[in-house]
Each structure stands twice: as structure tokens, then as C-alpha cells.
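Here the protein sequences line up with chains A and B, keeping their order.
Residue numbers for the first sequence follow our numbering, so the first one is 1 and each next one is one higher.
Residue numbers for the second sequence follow our numbering, so the first one is 1001 and each next one is one higher.
These aren't lab readings, by the way, just hints derived from the structure by calculation.
Mixed in with the good hints there might be a few duds.
What the hints assert, rightly or not - Derived coverage of chain B by chain A (criterion: at least 3 residues anywhere in the stretch with Cβ under 8 Å from a Cβ of chain A; other residues may be distant): (1) 1005-1014; (2) 1051-1061; (3) 1347-1358.
Claimed, not checked - Capping the alpha-carbon separation at 35 Å, the derived lysine-lysine pairs in DSBU-like fashion look like this: (4) Lys106(A) <-> Lys1335(B); (5) Lys1309(B) <-> Lys113(A); (6) Lys113(A) <-> Lys1105(B); (7) Lys1005(B) <-> Lys106(A); (8) Lys1309(B) <-> Lys1335(B); (9) Lys1113(B) <-> Lys1061(B).
As the list claims (entries may be wrong) - Here are some chain A residues the structure puts well away from chain B; computed CB gaps all over 12 Å: (10) Arg15; (11) Met31; (12) Asp48; (13) Gly79; (14) Trp80; (15) His101.
Where is the CB? At the ideal position from N, CA and C, for every residue including glycine.
Each chain, written out:
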Amino acid sequence: MTSEKEPARTGASRRKITVAAVDCFPPGARMEVRVGSAMIAVFNVGGDYYALYGRCPHQSAPLSRGRLQGTVICNADTGWKTEWAHEGEVLVCPGHGMEYHVRTGKAFGYNLKLRTYEVVVEDGQVKLVM
Amino acid sequence: MATDKQSVRVQRVEPSFNPVQDEDLDQYSDELSELTIVDVDVHVDDTLMFMLDYMEGHFRKRMETVLQADFKGEPGNSLRNMIAHIAWLGSSYDKPPRAKLATQKDLLARMEKGIIDYSILFPSELLPVGYLPEPEWAAALATAYNQYMVDAYQNLDGVKIAIVVAPQHPDRAAAEIDRHAAHPDVVSVCIPDVGVNPPIGDEKYWPIFAAAARHDLPISFHGIEALIHDNYPLRVAHFHTLMQVNSMGFPFTSMLQIMSVVCAGIPVRFPNLKFAILEAGLTWMPFIMYRLDAAYLRYRTELPALEKKPSEYIRDWYIGTHELEALPRRGDLVKLIDLYQGRDTTMWASDWPHLERDLIAGFMRYDMDDALRRKILGENALQFFGLKPRP
Ligand code: FES
């Protein structure tokens, strides 16, 4: 666990929060970031960073602890056949299993999208923009 | 938007292969620690292996045989898991993660947080006991379970036990109640209500109600998902997915048993007996109350023992909140509770640590006045189980 000093403010009113050095945040890793009382889950999926609102809207379980796997889909594109898809990109809530697309925050099977946050890499540091 | 003043904490975490537990309590600890909290539906690891030493004679031999069977991956040759998971093995792609069985240590760690004042332990493994075809075997399992639970979980601060009875053997069930009723940690009689045939109001079961009434021990009905039971009511014979069976199974069973008990006049015959329904959610309560009232108008002469309309009996039943339905608006839960007149009878229940357990955030997000919240989180349960607030 690391505790970060507050970085200098760069944008007009957006704050950049240092999450970790790139070296310490390899593909497959995830960080739980608490900013005040808010919780944000940050993932490195195959070298790309994604940040999502960190509490499940169902009953508030911490999404940072969810597994990433695939899921079943069935739509016009699949010819209404059930297929396994999105391997490694489906964040499964550790509460009761609601599933979210880690890249977009969109919930599978619900008219619901988690808030997402921009993540930037600057000077070898992964930063969350809020 | 984050302000510079907000503190920041970053922690590297790992994916959880078990459902997250207990952080929900930490999240609300400030709000909850001053209140009396009773969790009226808690489960510990009670798989069959724990009961072996409590079985005698040929049933002990039989239990040894059961424990040798190799049902891969299922802990302790779990009766309920064997049945549940064979039918729909893998249908949820292991999402959510497998529920862990809670050991006594897990339970005590949860209690030590100082938020929950009482945990009421209900069976997991013996919830299907109601549809085992052999009454003697069912009764032997219930006897072993009860003695194991009393031996293993008595004298723990805030831990109370619901003994289980096998309804298909009413005399043995009554004897179990007689045996354990005086124990200070035994606070209810659990009737696993799924598969009980004929329904539980039938005269053949009255010795169970008589025994509970004699000892002033409240009755709790606890359901279970459909498992292999094919048509009790609307189960495997009617639906091909676990989700459908699960959604209908609990409330349909509960409605059926409430109807059966009330129409048999049991609340009139045993006026002091208290009843609760667990693990069936809440939203169907107004339906069964007022639907029966409507029919009562026409068919009252079939039920001459009743002294008032059905809803006036059913409103006295206690009900556990789990599995709490997600109603669309924050004010909806109170509206629902008022519809079934349940301010004094609704009790918070988590079903910890099972997969479908309710995290307390699910309940806390609904708006209600503090007095009602206190009742649901603890005071109503103190009343139902006859417990005193802990200091
Ligand atoms: S808390 Fe996420 S699915 Fe329940």
C-alpha cells in the first residue's frame, strides 16, 4: 500500500492523482484508489489503463476486487446464437456477479453504465484524471 | 470532480475468488455500531461430515457411505450442493465466485467487528430435508444436526441457534423441540418448507406446532432453491433455468405454506405461536394477504375456524428481508412494508455468507425514518426470538 502526496494541480479544475509508477502497475494488475469517500478501480488490461467508479450500484461491493473474464453474448451479430466473448474484459462484481465491460463501464444485461475516468501516463507515472 | 483537499489512498489489490464479505459492515460501521443489529439468517459450515459423530447404528454406517462418495469439488459431500449443482452445473460460468462456507472462526470474526449484536444460525445442509423420501433418515439427520450445532455453537456471545425438524416425521420433530427448547441458545424451530407434502398446515404436522407452542418457541420457515424437486410448486418441471426456478421457488413456497397454515386455522388453535418466513423476499406479501382476503369473502364457510380475515393473521407473521428485491425508488421499501403492515414484523437478514447474501448497503440505500430502521435492523428480531438487547 502506498500513500500519495497530492500532486500539483495542472488543469483548470481537474485534478491528476498519481496512482503508481508504470513499472509498478503491469498488465493484469489493478489498484483501488480512494479519493475522499469515493472509490475508483483502475485496471491495466493488456497495457491499457482503465478507471471505473469503484462501487457496484447493486449493493456497493468493491469492483476493484472483481475478476476479469469473458461472458456469454447473444444478439443479432451472433445470429441469436449464444457465444462466449470479451475474454479478459468482463469485470465480474465480487458481490453477486454483475458484469461490466472494463473498457466502457457498460453493464452487460442492464441499462446502466459505470462512470469512467481518464487515465494518463506522464513522466513514467500512471495518473487518474478527476 | 476531485478537490485538492480530499485525501488519496492507493492500494494494489487482487481479484477475489470468493465473494467479498463483511466490508459492507465496515462501510456503515459508524452508522450501525450504536444500534442493535440482529442478522436473522446466518449460515455456518454444517456439511454432513460434522454430523457423522452424532449418528448412531445403521444410520451412522449410512453416513459413512455418503461421506465416501466422491462428488468432485463439493465440500464435505454437501447434500445441497450435490443436488443444486448437478442440475445446473456451471450455468453461471462461476460468476459470482463460489460462496465460501463460514467456519466458526469466520463467524466470530464477523461478530467481533462489534456491529452485529446477534446472529441467528439457520441450517444450510439440511434445508432440503423436507423432501427426503425416508422419514426416519430425515429425522436422524435433523437430530444429528441439532446436537452438533448446540455442541459447536453454544455459549458464544451473540450467537443463537434455530434447530431444524424433519416435518415428514412429526413425532420425532416434536421430540427434538422438547429436547432442545430449554437451551438458552436455541431460539427458534426451523421448518425447511420446500418439498413438504402435503403442505405444512395439514393435520399430520400439528404435533410440531403443539410442541413449539408448548415451549413458546417461534417457528421459522426457510426455503431453498428448487434443486431436483420437480414440481413443488412451479419448479424444475416447469422451468429450465435455475434463475427462473430460484425466483419463483422461494416466494411460491412461502405463499403456499402461509396459505396452508392460515387456512388450517393453526393461528387460532395456537394463538401464541409466532411465525417467520425467511429467504423469500418481501414483495409478494401484499399479494398473498389481500388475494386470500378477496377469496375469503366467497369461501369463508370452508374455513370455519378463522375468526378474522386471512390478512389479519398474516400481518402478524415476521419476515426476513433477504433476498431483498431492488425496488426502483428509495422510498419504495417503506411503501411496500406499509402495504403488508410490516413495520413491527420485518427483520433484516443477510443470508451471510451464501452467494446471494444481501450486503447491508442494499438495505441502507432505502429511505426511512430512524425508528423504522431500528426496528427492522434489530428490534423486531429481538421481539420475535425473545432476546434482550446486548449491553
Ligand atoms: S454488489 Fe455488485 S452485484 Fe451485488
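Each hint tested on the structure:
no. : hint                      : verdict
1   : 1005-1014                 : holds (count 9)
2   : 1051-1061                 : violated (count 0)
3   : 1347-1358                 : holds (count 3)
4   : Lys106(A) <-> Lys1335(B)  : holds (31 Å)
5   : Lys1309(B) <-> Lys113(A)  : violated (47 Å)
6   : Lys113(A) <-> Lys1105(B)  : violated (38 Å)
7   : Lys1005(B) <-> Lys106(A)  : holds (30 Å)
8   : Lys1309(B) <-> Lys1335(B) : holds (22 Å)
9   : Lys1113(B) <-> Lys1061(B) : violated (41 Å)
10  : Arg15                     : violated (4 Å)
11  : Met31                     : violated (6 Å)
12  : Asp48                     : holds (18 Å)
13  : Gly79                     : holds (21 Å)
14  : Trp80                     : holds (17 Å)
15  : His101                    : holds (14 Å)
Checked against the numbered hints given earlier, this structure breaks hints 2, 5, 6, 9, 10 and 11; the rest are met.
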